Amino acid sequence: MTTEEIKRYFETAPPTKEVDWKPWAKITDSQAFLKSCYATIKNYKGSLDMCPAWWHLKDFYMLMRANAQQISSENQSEQP
Numbered sequence: 001m002t003t004e005e006i007k008r009y010f011e012t013a014p015p016t017k018e019v020d021w022k023p024w025a026k027i028t029d030s031q032a033f034l035k036s037c038y039a040t041i042k043n044y045k046g047s048l049d050m051c052p053a054w055w056h057l058k059d060f061y062m063l064m065r066a067n068a069q070q071i072s073s074e075n076q077s078e079q080p
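Just so we're aligned, residue 1 is where the sequence shown starts under full-length UniProt numbering, counting upward by one.
Keep in mind that the hints were calculated from the coordinates and are not lab data.
Just so we're clear, the structure is a prediction, and the values are computed from it rather than from any experiment.
Every residue gets a Cβ at the ideal spot worked out from N, C-alpha and C, and that includes glycine.
Any given hint might turn out to be false.
Here are the simulated lysine-lysine pairs, DSSO-like style, with alpha carbons at most 30 Å apart [stated by the list, open to error]: (1) 17 - 35; (2) 22 - 42; (3) 22 - 35; (4) 7 - 58; (5) 58 - 22; (6) 58 - 45.
Ranges of calculated distance between the beta carbons of each label pair, as one might list FRET restraints [stated by the list, open to error]: (7) 36 - 5: 32 to 42 Å; (8) 52 - 20: 16 to 26 Å; (9) 69 - 45: 28 to 38 Å; (10) 52 - 5: 16 to 26 Å; (11) 67 - 5: 11 to 21 Å; (12) 71 - 46: 19 to 29 Å; (13) 29 - 5: 32 to 42 Å; (14) 35 - 62: 32 to 42 Å; (15) 26 - 55: 11 to 21 Å; (16) 46 - 70: 31 to 41 Å.
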């Protein structure tokens, strides 16, 4: 998975504006959060695996994918 793949995912399936991510982290503008992650990753000089913004972006991506799959399976189980 690359930054570009994650970026394309969020372009086709944008997250809600506000996201309660973790008990201690609430994102109030998900698009601003994503733009910040992309910019930080682009300008990071070290290894991508050591970039904190990369880890945040990957965690956020996995949360949004899991939520989308959960909603999809709930919708399928509700249909007769």
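Structure-based check of each hint:
1. 17 - 35: holds, 13 Å
2. 22 - 42: holds, 25 Å
3. 22 - 35: holds, 20 Å
4. 7 - 58: Holds, at roughly 11 Å.
5. 58 - 22: holds, 14 Å
6. 58 - 45: holds, 18 Å
7. 36 - 5: 32 to 42 Å: The hint (32 to 42 Å, Cβ to Cβ) is violated, given that residue 36 and residue 5 are roughly 18 Å apart.
8. 52 - 20: 16 to 26 Å: 21 Å Cβ-Cβ, so the 16 to 26 Å window holds.
9. 69 - 45: 28 to 38 Å: holds, 35 Å
10. 52 - 5: 16 to 26 Å: holds, 19 Å
11. 67 - 5: 11 to 21 Å: About 18 Å separates the Cβ atoms of residue 67 and residue 5, which means 11 to 21 Å holds.
12. 71 - 46: 19 to 29 Å: violated, 36 Å
13. 29 - 5: 32 to 42 Å: violated, 23 Å
14. 35 - 62: 32 to 42 Å: Violated, at about 19 Å.
15. 26 - 55: 11 to 21 Å: Holds, at about 18 Å.
16. 46 - 70: 31 to 41 Å: holds, 35 Å
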